[in-house]
Amino acid sequence: MAKKAAVKVKEGRIEEAIIGFLKSLLERGVVEAMVIPKALPSQDGFVQTLIRDPEKLNGACVLSPTMPVQSARVISNLTVKNLGKKVAAILKPCEIRAAVELAKFLQVKLDNLYVIGIDCPGTFEVTDYAKMAQEGKGGESLTKEFLKGMEKGEIPPPSGYVFRTACQMCEYPVVDSTLRVSQADVIIKLFGYKTDQEIGIEIGDKLEKEVEEKGILSFADNEPASRNEVVNKVIAERTKKRDALFQEFKGVVKNLQTFLDRFSTCVRCHNCMVACPICYCKECVFRTAVFEHDGDQFLRWADRKGGIRMPPDTLIFHLIRMSHMVTSCIGCGLCDSACPSRLPVATLFRSVGDRIQKMFQYVPGRNVEEVPPVASFKEDELKIESGAL
Amino acid sequence: MAEFEPRIVAFLCHWCTYTGADLAGTTRQQYPPNIRIIHLMCSGAVDSIYVLKALIDGADGVLIGGCHPGDCHYQTGNFKARRRVAILKGILQQMGFTENRVWLKWISASEGKLFADTVTKMVEELKKMGPNPMKQLWNA
Ligand code: SF4
Ligand code: SF4
Ligand code: FES
Numbered sequence: 000m001a002k003k004a005a006v007k008v009k010e011g012r013i014e015e016a017i018i019g020f021l022k023s024l025l026e027r028g029v030v031e032a033m034v035i036p037k038a039l040p041s042q043d044g045f046v047q048t049l050i051r052d053p054e055k056l057n058g059a060c061v062l063s064p065t066m067p068v069q070s071a072r073v074i075s076n077l078t079v080k081n082l083g084k085k086v087a088a089i090l091k092p093c094e095i096r097a098a099v100e101l102a103k104f105l106q107v108k109l110d111n112l113y114v115i116g117i118d119c120p121g122t123f124e125v126t127d128y129a130k131m132a133q134e135g136k137g138g139e140s141l142t143k144e145f146l147k148g149m150e151k152g153e154i155p156p157p158s159g160y161v162f163r164t165a166c167q168m169c170e171y172p173v174v175d176s177t178l179r180v181s182q183a184d185v186i187i188k189l190f191g192y193k194t195d196q197e198i199g200i201e202i203g204d205k206l207e208k209e210v211e212e213k214g215i216l217s218f219a220d221n222e223p224a225s226r227n228e229v230v231n232k233v234i235a236e237r238t239k240k241r242d243a244l245f246q247e248f249k250g251v252v253k254n255l256q257t258f259l260d261r262f263s264t265c266v267r268c269h270n271c272m273v274a275c276p277i278c279y280c281k282e283c284v285f286r287t288a289v290f291e292h293d294g295d296q297f298l299r300w301a302d303r304k305g306g307i308r309m310p311p312d313t314l315i316f317h318l319i320r321m322s323h324m325v326t327s328c329i330g331c332g333l334c335d336s337a338c339p340s341r342l343p344v345a346t347l348f349r350s351v352g353d354r355i356q357k358m359f360q361y362v363p364g365r366n367v368e369e370v371p372p373v374a375s376f377k378e379d380e381l382k383i384e385s386g387a388l
Numbered sequence: 000m001a002e003f004e005p006r007i008v009a010f011l012c013h014w015c016t017y018t019g020a021d022l023a024g025t026t027r028q029q030y031p032p033n034i035r036i037i038h039l040m041c042s043g044a045v046d047s048i049y050v051l052k053a054l055i056d057g058a059d060g061v062l063i064g065g066c067h068p069g070d071c072h073y074q075t076g077n078f079k080a081r082r083r084v085a086i087l088k089g090i091l092q093q094m095g096f097t098e099n100r101v102w103l104k105w106i107s108a109s110e111g112k113l114f115a116d117t118v119t120k121m122v123e124e125l126k127k128m129g130p131n132p133m134k135q136l137w138n139a
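Chains as they are written, first to last, in numbering that gives the first Met the number 0: chain A, 0 to 388; chain B, 0 to 139.
In case anyone wonders, no lab produced these hints; they're calculated from the structure. Be aware that one or more of the hints could be misleading.
Unchecked claim - Okay, the calculated bits of chain B under chain A, using three or more residues with CB under 8 Å as the criterion:
1) 47-57
2) 71-82
3) 88-96
4) 133-139
Quick reminder that beta carbons are idealized off the backbone N, C-alpha and C, glycines included.
The whole structure should be built from the sequences, with the hints applied where relevant.
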């Protein structure tokens, strides 16, 4: 059972309170390094950083308003080969869920990793944020607005801007002890808290004793009464948006022809695949000899239809990418953000993912003990009478 | 106009369905000639890429044949094939391709008649459906 604590916020300096807590984890040797977002010197963007010196945590931004890379990838790089020291990582719920999926594919090792999850209000496109910063709508004042808004779950983006579509439709805004997302060792709770006075922290089994013994926190089993209500409200809004987008998508993609019409501007750059934290194949099949053919073979295909699009295989690319990873798609929307043609890749993957995940009662990112549907089977399932599966 | 003759690409496992197809031949079972057989060691070796490539490049239907559950020569290849096919079909359905043009069938080495009946039935069904719209997409 996770233990709960509240951290007092002095003079409305919310980020400072959170950073103070994180610093104590580093200073007292609970962990030896920390992965945390930080603003770039140019102040118009954020990146994940790996920090050893507690002092360098000053100016870190726990609620980074952008997601230039999916941190599950960062975590994968960091943990998969010989990580001997304890490292904590501040991750958004979708990053935790992606890391959990990668752990199942043996591309993240959780042994020495301490996951610090944080409630997420949503993120902006990297380029939008850069513009916001230039217009003076970013930085500390934005984070402050975010943190204040999370008390009631009302977080209006600066005028003229919207959250990334994937965030608008993300029904996992919290790392909750009710196990909407379970694999966190520390949870920083903001929704429903009077954040200018206090924020909530929850410590899981792995760290509970150490955190108490080292006097970093003292536990008290309380939480503002409004937290659940606020979280449920945010989830309900996002779910509504998700369903509306699914509906809209279904209206547009009625069959494969209309899908190709909607995706007519796909330039087959494969950016969506490169940005996706889940795409787990070490070598993508689309970049292997499987898709290199004899010239005569291309001619035979062209013969059959009179002529074909070149290079071919755009439809197959999307369908096969789905068949490999759609059961694990956690809806982070990095594919959307990476698409030069601004195609609704994430809506497509989430809409298809929804169906296939339900087929196997699978919730990606829920629990590291679960086995992904593509890597398992049951003997007694999927009856196939008379050809119809 | 000549009647539409569907083209079926069949991926058959060596140990069961391919041998069953052979038996259908040697025992002179009648079945329509609309099928092109590709011989694989196991239904578990059928990648969804092959299935889609066939459908996009000219097939009206794809038949995947493997050993009955429990009989796969490689223990579990057929179970893996079944998941793969289920996922592929689910994806296609969600994208509005709802016609049942991909069939997965367990046919053993001794079931020559079942093989012939399956092909006959599949050809009938595909005739009802008409040509596969996917194979007409030059821009796929
Ligand atoms: S497909 Fe898109 S939304 Fe899904 S996990 Fe990959 S990048 Fe994220
Ligand atoms: S990123 Fe966009 S344009 Fe590039 S392959 Fe993916 S969908 Fe197509
Ligand atoms: S050997 Fe026949 S299905 Fe595997």
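How the hints compare with the structure:
1. 47-57: Held - the stretch 47-57 of chain B has 7 residues with a Cβ nearer than 8 Å to chain A, which meets the minimum of three.
2. 71-82: Per the Cβ count (5), the hint holds.
3. 88-96: With 9 residues closer than 8 Å to chain A, the stretch 88-96 of chain B meets the three-residue bar; holds.
4. 133-139: holds (count 7)
In summary, this structure violates none of the numbered hints.
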